[in-house]
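Participant: Produce the entire structure from the sequences given, and follow the hints as far as they go.
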Amino acid sequence: MLALTGCGGNDFAGSSQTGSTSGSALSSLPAQAQKAYINSDALTGQPPYLDGWKPKGPPPWTIGYSSPYAGNSWQTTAMDYLMKQVLPRYQKAGLIKNIVVAQSGGDDTVQNQQIRQLADQGVDIIIACCSAKTALNLSIQYAYNTGVPFVAWSGHVDSPYAVSAVTNYREAGSVFAKEVFDKIGGKGNVLDVQGVPGATNAIDFETGVQDALKQYPGIKLVGSVNGMWSASVTKTEVQKFLATHPEKLDGIVAQPASATGALQALEQSGRPVVPINIGGETGAACYWVNHPDFATTGYNIWPPKGETDLGVETAVRILEQQGPKIQSIVLSVSPITYDEAKKALGTDCDPNADGWLEPTGGWLTGKQLDAFFQHPSDPLTWKQQ
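The opening position of the sequence shown corresponds to residue 1 in the working numbering, with each subsequent residue numbered one higher.
Hints are supplied without guarantee of correctness; some may be wrong.
Stated by the list, open to error - No farther apart than 16 Å at their CA atoms in a straight line, the calculated lysine to aspartate or glutamate pairs in the EDC-like style are these:
{"no.": "1", "residue 1": "Lys133", "residue 2": "Asp41"}
{"no.": "2", "residue 1": "Lys240", "residue 2": "Glu267"}
{"no.": "3", "residue 1": "Lys183", "residue 2": "Asp293"}
{"no.": "4", "residue 1": "Lys305", "residue 2": "Asp80"}
{"no.": "5", "residue 1": "Lys214", "residue 2": "Asp182"}
{"no.": "6", "residue 1": "Lys187", "residue 2": "Asp250"}
{"no.": "7", "residue 1": "Lys342", "residue 2": "Asp293"}
{"no.": "8", "residue 1": "Lys214", "residue 2": "Glu247"}
{"no.": "9", "residue 1": "Lys220", "residue 2": "Glu267"}
{"no.": "10", "residue 1": "Lys187", "residue 2": "Glu247"}
{"no.": "11", "residue 1": "Lys92", "residue 2": "Asp378"}
{"no.": "12", "residue 1": "Lys133", "residue 2": "Glu206"}
{"no.": "13", "residue 1": "Lys305", "residue 2": "Asp354"}
{"no.": "14", "residue 1": "Lys133", "residue 2": "Asp107"}
To be verified - Here are the computed distance ranges between Cβ atoms for each label pair:
{"no.": "15", "residue 1": "Ser232", "residue 2": "Gln85", "range": "25 to 35 Å"}
{"no.": "16", "residue 1": "Thr134", "residue 2": "Gly185", "range": "31 to 41 Å"}
{"no.": "17", "residue 1": "Asp80", "residue 2": "Gly346", "range": "16 to 26 Å"}
{"no.": "18", "residue 1": "Thr296", "residue 2": "Val110", "range": "15 to 25 Å"}
{"no.": "19", "residue 1": "Gln32", "residue 2": "Ser377", "range": "19 to 29 Å"}
{"no.": "20", "residue 1": "Gly185", "residue 2": "Lys240", "range": "22 to 32 Å"}
{"no.": "21", "residue 1": "Lys35", "residue 2": "Thr297", "range": "14 to 24 Å"}
{"no.": "22", "residue 1": "Lys343", "residue 2": "Gln374", "range": "31 to 41 Å"}
{"no.": "23", "residue 1": "Ala344", "residue 2": "Val110", "range": "31 to 41 Å"}
{"no.": "24", "residue 1": "Gln374", "residue 2": "Gly94", "range": "32 to 42 Å"}
{"no.": "25", "residue 1": "Gly185", "residue 2": "Thr109", "range": "43 to 53 Å"}
{"no.": "26", "residue 1": "Asp120", "residue 2": "Met83", "range": "18 to 28 Å"}
Derived from the structure by calculation, the hints contain no laboratory data.
Where is the CB? At the ideal position from N, CA and C, for every residue including glycine.
Facilitator: This is the structure we're talking about:
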């Protein structure tokens with residue numbers, strides 16, 4: 001377990017508050033890194049794990065993973081990668097002993113209970129992905145007061161007692177929407193496929209879609225469905241929409257991983273295939289590979305392996321007292337070119353596949369992540385002082 005040195009959790013919490021500290025925390029980053037924060041809704045104050053904080057004991061540490069659900073290909077891929085590749089990597093380095101997983105089934109009340117239980121059980125740090133923005137705040141503070149840091153990834157939390165490592169999902173929503181709007185000539189009827197209700201990244205993405213709509217008066221949003229970041233759920237929900245809306249549909253804006261399901265719904269309903277943004281799903285990307293005019297550019301915003309690496313490395317760096325400079329580590333969307341998708345998948349790929357493309361240049365890890373820490377070091381070769 002981790003302990004705070006010099007003072008209790010409540011006293012130390014003051015250094016993590018946003019407000020007047022926000023500008024100084026953001027300005028401590030390189031100019032290029034600061035660009036990713038434009039219009040981001042993530043907190044940018046000073047984090048709670050600066051100088052004067054250290055873990056209670058030496059490595060190997062135990063990580064508690066608070067997972068809200070496990071119902072789609074993203075979660076399956078991320079969990080498999082976490083336990084079979086990430087954990088052994090850090091175990092070999094003598095840094096992580098084990099990862100204790102708690103699944104809440106999408107129930108915020110259960111997840112709050114599990115976070116408190118993980119803290120009481122003595123884990124050294126808690127990580128969580130895809131969480132609600134404020135629903136976990138009291139439990140995050142509870143963990144902090146017991147000496148256990150909290151790292152949110154693939155969705156930020158609005159708690160001054162946590163560190164988030166995320167993409168600028170509001171920017172992503174705007175970029176994805178504009179990709180579709182431009183593809184259909186800036187006018188027409190568009191369906192909006194949203195993600196998991198209440199999840200921070202889904203909310204931020206939708207805010208970005210609304211930002212884009214304000215710039216395209218010729219676009220009419222004719223409906224929205226919750227795809228739950230699942231191809232199968234999206235297919236069902238889009239089919240229901242199409243059955244009750246016979247009017248012409250010109251495009252679909254879909255949160256990953258919904259593009260493949262939306263495509264399947266169009267084809268199985270006998271409706272024309274319309275432009276849909278590519279968000280890293282291999283099925284939709286495969287369709288793009290074999291129909292080059294389907295999209296102009298694809299984008300990665302939450303590749304499961306890249307996001308998992310970012311979340312765990314951020315947690316390990318905190319345990320190593322590298323000291324995050326800012327409360328939210330934010331990166332921009334990562335473009336996927338047609339040639340990259342074709343090289344990764346080939347033309348004989350499966351358009352119904354439920355997998356994921358990962359960015360060819362890697363995600364925000366290693367030396368790229370150094371800029372966000374006061375005392376950066378390769379986390380795998382770090383040695384305790």
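Participant: Going back to the hint list, which numbers does this structure go against?
Facilitator: 8, 9, 18, 24
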